[in-house]
Structures are given as structure tokens and as C-alpha cells.
Amino acid sequence: MSCIPANKQILLLFCALLALSCSGQVLFYNSFENPEFEADYAAGTAKALYHDMLKPVEGKTGQGIWCKPNEYIRFETDENISLEEGTILFWVKPNYTPPRFRQEFGREMQALFSIRIRTDHLIQLRLINDKTAPRLRLMTGGDNNKKSNINIDIPGWQKDQWHQIMISWKQPGRLALAVDDQKPVAAEDAHLPLMPEAMLYDMFFGTNSKQSRVFQMEHFDGVIDEVYIFDEWLVRDKPQIKPKAKKPKLPSHVTAQPDWVSENSQRLNFYVKPESSQWQNVPVKSDIDLGLDWKKLSPQRKRAAINNFRLVRFDTRTGRPVVYDEKLDGHKKYFRPFTVTSEIYSASKAVLRFVHAGTEEAGYSFCYDLNHVYDSPFPLEIPMVGNGDRLRIGLKTSIGNLAGTIAGVFDVGDIDGDGDLDIWLNSGTVRTPKCSDLMTGHYFYENISNETGVENIYAPAKLIIRDNTPTGYISGVVIPVIADINHDGKDDLLMLGRSCQEWWEWEFINDKPVVTKIHKLRFEGPVLDTEIKTFWFDWDGDGLGDVITSELPNIGKDEVTPIVRVYRNVGTKENPAIDTNNPQDIAVDKVDLQWCYIPVDWDCDGDIDFISSGFTHEMYFHENIGGTKTAPKFAAAKRLKTMDRREITIPNSVVTIKIADKDQDGDMDILWGSEAGCIGFVENIAGPGRMPVLRNTVYLQQVRPILDAGAINIPKLVDWDDDGDKDIIAGASNAIVYFENQGSDDRPLWKWGEDMTAGGFPIWLPAGDDGSVQGIEELGWQYNNPEVADWDGDGLKDLIMSGIRGEHHFFKNIGRKGSPRLAKGQLIKVDWQGEPLKPAWLPFQPVGNELITVWRTKPVAMDWNNDGLCDYITLDHKGAMALYLRAEDPNGKLILKPGKNIFEIDGPYSQGLVWNRPENATRGRSGRTIINITDWDKDGDYDLVYDNVNARYYENTRDNQRPLWVDRGDLVKERLTNHNAGPALVDWDNDGSLDLFVGSESGRIFYFSRAYIDGPAPTVIQIKNEEQK
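Here the sequence shown stands for residues -28 to -1, 1 to 1001, where the numbers follow mature numbering (1 follows the signal peptide of the UniProt record, and there is no 0).
The set of hints was computed from the structure by calculation and includes no laboratory data. Fair warning: there could be bad hints in the mix.
[Stated by the list, open to error] Below, computed lysine to any residue pairings styled on SDA-like, alpha-carbon distance capped at 20 Å:
id, residue 1, residue 2
1, 434, 402
2, 872, 931
3, 304, 341
4, 784, 867
5, 462, 476
6, 769, 793
7, 214, 94
8, 484, 388
9, 484, 386
10, 723, 696
11, 872, 812
12, 218, 698
13, 610, 580
14, 219, 258
15, 801, 817
16, 210, 151
17, 103, 71
18, 368, 308
19, 865, 786
20, 723, 355
21, 605, 559
22, 32, 130
23, 613, 559
24, 245, 988
25, 698, 714
26, 784, 731
27, 268, 479
28, 872, 896
29, 610, 595
30, 769, 614
31, 945, 996
32, 368, 458
33, 268, 476
34, 32, 208
35, 32, 56
36, 484, 580
37, 996, 386
[To be verified] Label-pair restraints from in silico Cβ distances:
id, residue 1, residue 2, range
38, 102, 143, 49 to 55 Å
39, 657, 691, 43 to 49 Å
40, 695, 671, 24 to 30 Å
This structure is a prediction, so every number in the text was calculated from the model and none was measured. Don't be surprised by glycine CBs; every beta carbon is placed ideally from N, CA and C.
Model the full structure from these sequences, guided by the hints.
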């Protein structure tokens, strides 16, 4: 690291430095006056991504920003900054006199500005408050993990005083820092990042870049305002005229009053112009705002009014409507397919999506009404637009399984006060830069069974809170517990577990819960911050809720016996305090890998029993058979059974349970959630005061159902049933599911998923006791990665699967074209010519010549060398990509040759946000790779597309004999990964160019057309001066 100490800094007064410029082009300017903190001007994207709780404060001119603990604000770097040469000017005002920082900010170092990725390429400015004199430290980092520092002492800084800071750089090594009117301190040999700006992803103001659950963020306890970024070295003066975003102008010939089509009384009109003649179908999305009157509608009236939505295309000059379907009569022939995002159920703002056909401009009217006009939506079809829309099941009127997200843990209660039980769901993902477009946070599902007359049905999810709280992060494994924590007669929410020890007060406002106050839970003793499941329950009968916990104390280390404890509340009704110095172990029977124990009088005999669930697929009843109230004795655990005497088996892992009277018939039912995100309902039909009698599981339903392919899903799009359209086969952490397209590629209609079968039974490839490199806890996981190819050359599509054990299974298609049927799977074997190869850390011993590689890797089966035989490409036993060629032995039998590492990959910045495929990875860090090989750029050779934050494109710059794949970055900007994304390539719209689908941890599958990926985006302008009908 090169470092210029504060007391030995050299003032490099070059001629260029003396003639400080203000002629550089402005790339980014933000006054923070916009309600959404959007930049006033941005060469790239002006949109800010910021914490739910971030509010504007008084700035130097108008508003500024102050990121309190765990808050953040960030903007994309792509086009908004130049790494070749640039300057950042901004104003700061500390809320304290350095170095006396306030403890709640908790850091001797406070970040004012930060660009930093995992490879340690960075530009970062900090205020240092340690025992030395307060100072600013500018740190940069380039290739080979080399860093440079510049320090400037700031002895005169006082609370509430404004100072202007300048950061400047110029390749290959010029770096400067200045404060106010002081001369810049500069270096000539600094280590600077130099790469495509998009690969740096984000720039943060007021915090560092570590917006994650692992690293504590460094927050500047002060205000930031008036940020300028230039593309020139040493700019000290801001422009005389503040730059403003250039908004496209509506052509004068476009009518503002097209013909009115539909019975609706209101509409929004849009002008759309494709910016390229290359694409015949262009995805369009536009923000819409239906106004305050819409927001005031009750939830029930909103749901009814959504049926009124219609979309009409019109001629921009004449205003006449354009027919969409000539086979229809009346207004219906003009109505076009579209989607509106689910925010419209709780807010007036949402996103309208549709496909613009053709290369010419057009106008569109989005028609709506606040009153009842239409009984149902039209058209009923759900279009696949191609700009990041999530695939949905069925039609707009369909219902389907309620789909949370990975490890979606939940509680139930009458949240909206209408007499039935709603759902409060913790989605299971921490919002970080790599997954900001996934479904993260807490969500409210309103029970609308009484409204619809359909049992167990819920409205689409409404966001409650998305981001980390001021005192912790929202871990996806922490169960939200609805309870009156402070005895004020209102329900609160307890969040207690890993890195979150809080309880929240909330009110039901504007159709959803709103968190009004967050309290840090008090402890008399050490904080409960382990991987625990918690329940709020008055164990000792003193009127105060105590905390009952269950945990596996050494998760990941094959220690499978749970610990169940009670921690007593020694506080007051208004201010609870949990005594962790004197925990009481509960002598309940400990079943291996059960880590969710719920206290309940299950057998209705007046004492407290337990129901348990956990990593495995079982549920257990732990009967209280005596002892005392606070020290009971329990019988041996018994598997819960349904009324037909079958043991309850959950077809998923990490099962959490809730005991409640779901159907309000006076007895206690069971609801369960799992890693798949769905919620099962096991109804008790015994009646009040009787030993439960349980029905089989049914799944809670929702309107506008998502195509949920399971947690960490890896899709493969292929015409599996040979009916002329593309279907989906999706592997997931606990399933392999087939989604049949019952429509067409132009107008798809997705049938609800079915588990794939082979040999007459569902395909089930779990780890077993010895199969997971992460320990026995994952004995039920599969992590299925499917590939489809004609493996045996008989003209039928076969299924190939790899997964958690690193084995590779071949399922032969023994059906016929149009009616596939799979035989029982068999392991793919290699003609090893010596000792079979396997990962050194493999927890089990292979038998025979089977192919065993690193785990969780999607292979590619293709004819690589054009010899007519299907070859195989995957990561090998060391995690390197390898080509396994097929051949025929002397008897004409197909064999698979040992792998050869012919591939070279150049991707030094590919781990900017993700850690998949680290060098020399072993055990759980190995594998986790989705391989796609195709001619993406149509130049005649094979390119590579890996998983990353969405899909990472590597161009083949050599040939197919010895490919050199060079990293060209992510295909789209959406951030869709946490474990790993599941990219899949296919020419969906049959236009000759490959499109992109991305499976995700959340179970969703996202669609991106090539027109969206390659661009340019169409011009979309909302036409003003619209009047009501």
C-alpha cells in the first residue's frame, strides 16, 4: 500500500493544478430536492436506491441527506462516473465536532463516499475519529490488491459547519484530495481502479459500500448536499448553471385527445417510439400514478377497480384506435395485453408493462375507473413482456399457491381487524446490492376468503418494511411473532434471533401495517444473537411473556441435537427485559434436526405440550405427562399423523410451524412454511376441547399467483412435450418441476407446476446423511440443476441432473415424441483409464466409475466437436470447467472420456458482488455455478454465460478448440442473486436472437428479451392535459 502520511504530504503544484478547471462535462448532479432522491442530472441512471427510513434533512441549499445507522443511499456507477479521469465535488456538514463522534454511530471511521467491490477495487473517503488528530482519508485500490491513501488533517472542523470536498483522479496514477479553498494534496503514483464503470456497480454517499448482514456499515454522522461528478481532473468550481436532466419532447403532431375507447371514465395516455428498427417487438414499461382518489379506495374497491383496467393503442396523428384482435367485437377488439405491478393494490403508483409491436411510433391509452365498470379484466392473458417481468401462472383471473420466498417465515393474526387471520411474512432475504430486485423484507397478505367466498385465499403481498432496522438486520430465518409485548392492548411484532433483537410497534394505516416504533429488546445478560427460533409465551404464569427458544447450537458441524430453553421476562409489562443469565433447559424429547419447538396445549388436557419441526420433513408431538408447570415432564416424541393414520411429511426442508385457529372453529390448526416459500394448512376437525384430528395439507392460495419454481431455482426452457411451444423444467433446492405452456410462445399460458417423475415415482435426489459438504443438516436438500438433451441419440429429449452430491444422473426418455416418459435414473459414468477422480473433500466414497464433481453445478450437454455425439461440459472435481467428450468403444457402445480443461476464462472483476467460484474453493464454497454455452454474439464460436447478479457474459475471443472467454459484464442491470442466480438462454420470441430467463432464490423466474438486453430502450412520454370522459 502506498501511503502519504498526514504530516509528510507533498503538495504537487503542477501547472495543471494551478489552472484548476471547471470546463469538464458533468456526469452526475444531485441537489437531493427530489422526493425520491433522484439525481437532477445523470448521464446514466438517475434513480436512487435507498433505505426505507431515509428522510431528507435540511441541506446547504434546500434538502440534504443524513444516513443514520443502517440507512444508506446509492446510485449506479455506469455512465455516472468515469474511471479514466474525474472529479467529485460535494458539501458536508458534521453533526458533531470531530473527533468526538456519537456512540450510536459506533465507528472511529465514518464513510462519506464509497465505491468498493469485493475484489477491493475502490474509491473511498472516510472521516477518521481515532486517537490521532481528526482527518480525512482518501483510499483507492486497483489491480493486484494494491491501495493508496491521501490524508488531510481537519483540526478546525466544528459541529454544523459546511465544508466542500474535492476528490479527483486521472489515470494512470494521479490522485488528489482538497477541502474548501485549500490547495489539493496530490499523488502521482496512486493505485486506481480501471475497468468498465458498470462493473463497480454502485456509489454510496454517507456510508461505506458494505450494505450487508455481515459487515457493519460506516455512517457519516452528518449531512451531505450538492454532489457533482465531472469527467475531468481537478475541477474546483461548480457550473454557473446547474445541469438538468434532458427530457424528451413530445412531437407536435401527437394528439393529446385520442378517441375514447372503453367504458372507463379516466385514462393516462402515452407516446411510444422505438429507437431501433432491429426489433419487431419492444418491451415497454412506464410509471403510472392513479392519484389520491385511487389511494383512498378501500382494499376491496381497489381489487374490484383493477378489473376495469384496459390498454388501447392509437394512431398518434388521428387518435383513432388500432385493432388488436379482429375476431372480437365492440371495444374488445382494441384491448391489448398488459400487466401492472402489484403495488397498485396498496398505492396509487405502479409500473405498467406491455409489448409494442412494430418499429413505428404509437400512442397508448391506459384506461381505468374508480367505480365498478367491468366484472373481470380483459384480455385475460398475462403477456410476457421481456423487461424483467416475473412469470405468472394461468390467466389474470387465476388463483394459485401463495408464494413467499426462500425460508419465508411467518405469523398469523387479524392484522387488518376484519375478524379473520392474515399473514405477516418475513421474506427470507437481506436486501443487499446483489439482490435488490428480489422480494426482500416483510410483507402483509390480506385474507380475502370472506370477500371472495373461496377458502384460504389471500390478496397479493403488500410491503411492510424492506430494509435493515436502526439496530440490526432482518435475517430471513428469524420468525416474526405477533404478540402484545408491552401490554398496551395492541399487537406488536417480536423479531428475535441472529443479529436482530427487537420488538416493533405498528399501526394499520392505508391498507397495510406500518411500523411506527422499533425497540431494542433488553437483556439481563448476554444478547440472544444465535441461529434460534423463538416464541413469546408466558411460561411461568406471571403475566409477562417469556422467550422460548430452540436451536441447533453448532449448525453446520453435524451436531444434530437441539436445545430448547426458556428465558424469563424479569422486566415490567411496559418494558420487558429477558434474563439470559439463568436460562432453563426444558426437558422435552430432543429429536435430531428439529429446531422449531412451539408450546401449545395440543391434547387439550390443561397443560403445555410442544409441537416441533425442523430441517427434516417430519412434525412431532411432545406430550406433557406430568411434573410441575415450570418443570414439566414429556413423553417420547411421536410423529404427527393425519386422520387416515399417515405420518405428516412435508415435501420441503427447513420447516417452521404456527399453531393457531386458522378456520376459527374453536380448535387449533397447524400452518407450516418451508424453504420453498409456500404455506401449508393442516386443518384440525376435532372441534374445541378434543384431541386434534388432522386433515391432509392444503396450500394457502392467492390471487395473481406467481410462477413459483422453488427456492434457488434453475430453469431450462425447452419444448418438452413437442407441441410447438417452449415449456419450463425447473430444478430447485427441493424439487424438479415441469411447467407446461398450454398456450404458445406468442401468448403463453403457464399451467401450475407438476413434480417430474421417473420410473413411475417423483424424482427425488436428496443428499442423505453423507451427501452434503455442508453437513448432515442438509440431508433433505437436492439443489437440482437440470439439463435437457438427446443423451443417447435416439431422437428423444432426455433429462440430465446434477445436484447436492456432485453426482450426475441420466433419465432416459422411454416415451415417444409428444408424450415423454422417463425411466429410472442412472449415474453417468466415465471411462477413467485409472483411479476415478472426485473432490478431495467429498463426504462419501463413490463406488465404480461414476462422474463425481463439485456440487451444485448446472452442466451443458451438447455436440461440442460436431461428431454427432452429445458431449458433456461441467465443473470437474477441482471446480475447473472441463470438457468430457463422447466416443464409441470397439463394441460401438457410447462412453464418456475423462475431462479436459481446454477452457480459459478471463474475468478479474467477475466477483465484484458475488463470491461464487472463488479461486481454489473447497467444500461449501465450491460449485454453485450455472453454465450456459452458446453463440451469444452470433460470430460463429461458442460464448459462455455464467450466473452472477443475473447473467454474466464472457465473449469467446479465440476459437472453439481452445476458447478464451473474456468477461464482458452482466447482461442486464437487475440484481437477482443471493445464493446464486439461475440464467437460462433461449430464443423465446423466435426472432433469431437469444433471450434471457433468470431463476432466483425467491422462486421467481424473470424474463428479459434481447430487445431489452441490447437496447436501446424505446422513448416513452406521458401525454399531459388529459381530461376525464
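Outcome of the hint check:
Restraint check for residue 434 and residue 402: satisfied, since their Cα atoms lie roughly 17 Å apart, inside the 20 Å limit. Our distance criterion of 20 Å between C-alpha atoms is met by residue 872 and residue 931, whose separation comes to about 16 Å. Under the criterion of a C-alpha separation no larger than 20 Å, the hint pairing residue 304 with residue 341 is consistent with the structure, at around 17 Å. Distance restraint check for residue 784 and residue 867: the Cα-Cα separation of roughly 16 Å lies within the 20 Å cut-off, and the hinted pair is therefore satisfied.
At most 20 Å may separate the alpha-carbon atoms for a hinted pair to count; residue 462 and residue 476 meet this at roughly 11 Å. Distance restraint check for residue 769 and residue 793: the Cα-Cα separation of roughly 10 Å lies within the 20 Å cut-off, and the hinted pair is therefore satisfied. In summary, the hint linking residue 214 to residue 94 is not supported, as the alpha carbons are separated by about 28 Å, beyond the 20 Å threshold. Of the supplied pair hints, the one linking residue 484 and residue 388 holds, its CA atoms being roughly 7 Å apart against a limit of 20 Å.
Of the supplied pair hints, the one linking residue 484 and residue 386 holds, its CA atoms being roughly 12 Å apart against a limit of 20 Å. For a cut-off of 20 Å, the pair hint linking residue 723 to residue 696 stands: about 16 Å separates their Cα positions. The straight-line distance between the Cα atoms of residue 872 and residue 812 is roughly 18 Å, inside the 20 Å bound, and the hint therefore holds. For the proposed pair residue 218 and residue 698, the alpha carbon gap of about 41 Å is over 20 Å, so the pair is violated.
For the hint linking residue 610 to residue 580, the alpha-carbon distance of about 16 Å falls within 20 Å, and the restraint holds. Taking the CA atoms of residue 219 and residue 258, the gap is about 14 Å. The hint holds against a cut of 20 Å. Between residue 801 and residue 817 the alpha-carbon distance is near 15 Å, which keeps this suggested pair within the 20 Å criterion. Under the criterion of a C-alpha separation no larger than 20 Å, the hint pairing residue 210 with residue 151 is consistent with the structure, at around 14 Å.
The suggested pairing of residue 103 with residue 71 holds, with an alpha-carbon distance near 8 Å, which does not exceed 20 Å. Our distance criterion of 20 Å between C-alpha atoms is met by residue 368 and residue 308, whose separation comes to about 13 Å. Between residue 865 and residue 786 the alpha-carbon distance is near 19 Å, which keeps this suggested pair within the 20 Å criterion. Pair hint residue 723 plus residue 355 holds up; C-alpha atoms about 14 Å apart against a cutoff of 20 Å.
This hinted pair checks out: residue 605 and residue 559 have alpha carbons roughly 6 Å apart, not beyond 20 Å. Pair hint residue 32 plus residue 130 holds up; C-alpha atoms about 15 Å apart against a cutoff of 20 Å. Using a Cα cut-off of 20 Å, the hinted pair residue 613 and residue 559 is violated, with the two alpha carbons roughly 23 Å apart. For the given pair, residue 245 sits about 11 Å from residue 988 by alpha-carbon distance, which is consistent with the 20 Å threshold.
A C-alpha spacing of about 9 Å is found between residue 698 and residue 714, which places the hinted pair at or below 20 Å, so the restraint holds. For the proposed pair residue 784 and residue 731, the alpha carbon gap of about 10 Å is at most 20 Å, so the pair holds. In summary, the hint linking residue 268 to residue 479 is supported, as the alpha carbons are separated by about 17 Å, within the 20 Å threshold. Distance hint between residue 872 and residue 896 is unfulfilled; the C-alpha atoms sit about 24 Å from each other, more than 20 Å.
Under the criterion of a C-alpha separation no larger than 20 Å, the hint pairing residue 610 with residue 595 is consistent with the structure, at around 8 Å. For the hint pairing residue 769 with residue 614, the CA-to-CA distance comes to about 40 Å; that exceeds 20 Å, so the pair is violated. Only pairs whose Cα atoms come within 20 Å are accepted, and residue 945 paired with residue 996 is rejected, the gap being roughly 30 Å. Straight-line distance between C-alpha atoms of residue 368 and residue 458 comes to about 43 Å, which puts the hinted pair past the 20 Å bound.
Of the supplied pair hints, the one linking residue 268 and residue 476 is violated, its CA atoms being roughly 26 Å apart against a limit of 20 Å. Between the alpha carbons of residue 32 and residue 208 the distance comes to roughly 17 Å, so the proposed pair stays at or under 20 Å and holds. For the suggested pair residue 32 and residue 56, the alpha carbons sit about 30 Å apart, so the restraint of at most 20 Å is broken. In summary, the hint linking residue 484 to residue 580 is not supported, as the alpha carbons are separated by about 34 Å, beyond the 20 Å threshold.
For the given pair, residue 996 sits about 42 Å from residue 386 by alpha-carbon distance, which is inconsistent with the 20 Å threshold. Between residue 102 and residue 143 the C-beta distance comes to about 32 Å, which lies outside the given range of 49 to 55 Å. At about 44 Å, the CB distance of residue 657 to residue 691 agrees with the hint of 43 to 49 Å. A beta carbon spacing of about 28 Å between residue 695 and residue 671 agrees with the range 24 to 30 Å that was offered as a hint.
In summary, the numbered hints that this structure violates are 7, 12, 23, 28, 30, 31, 32, 33, 35, 36, 37, 38.
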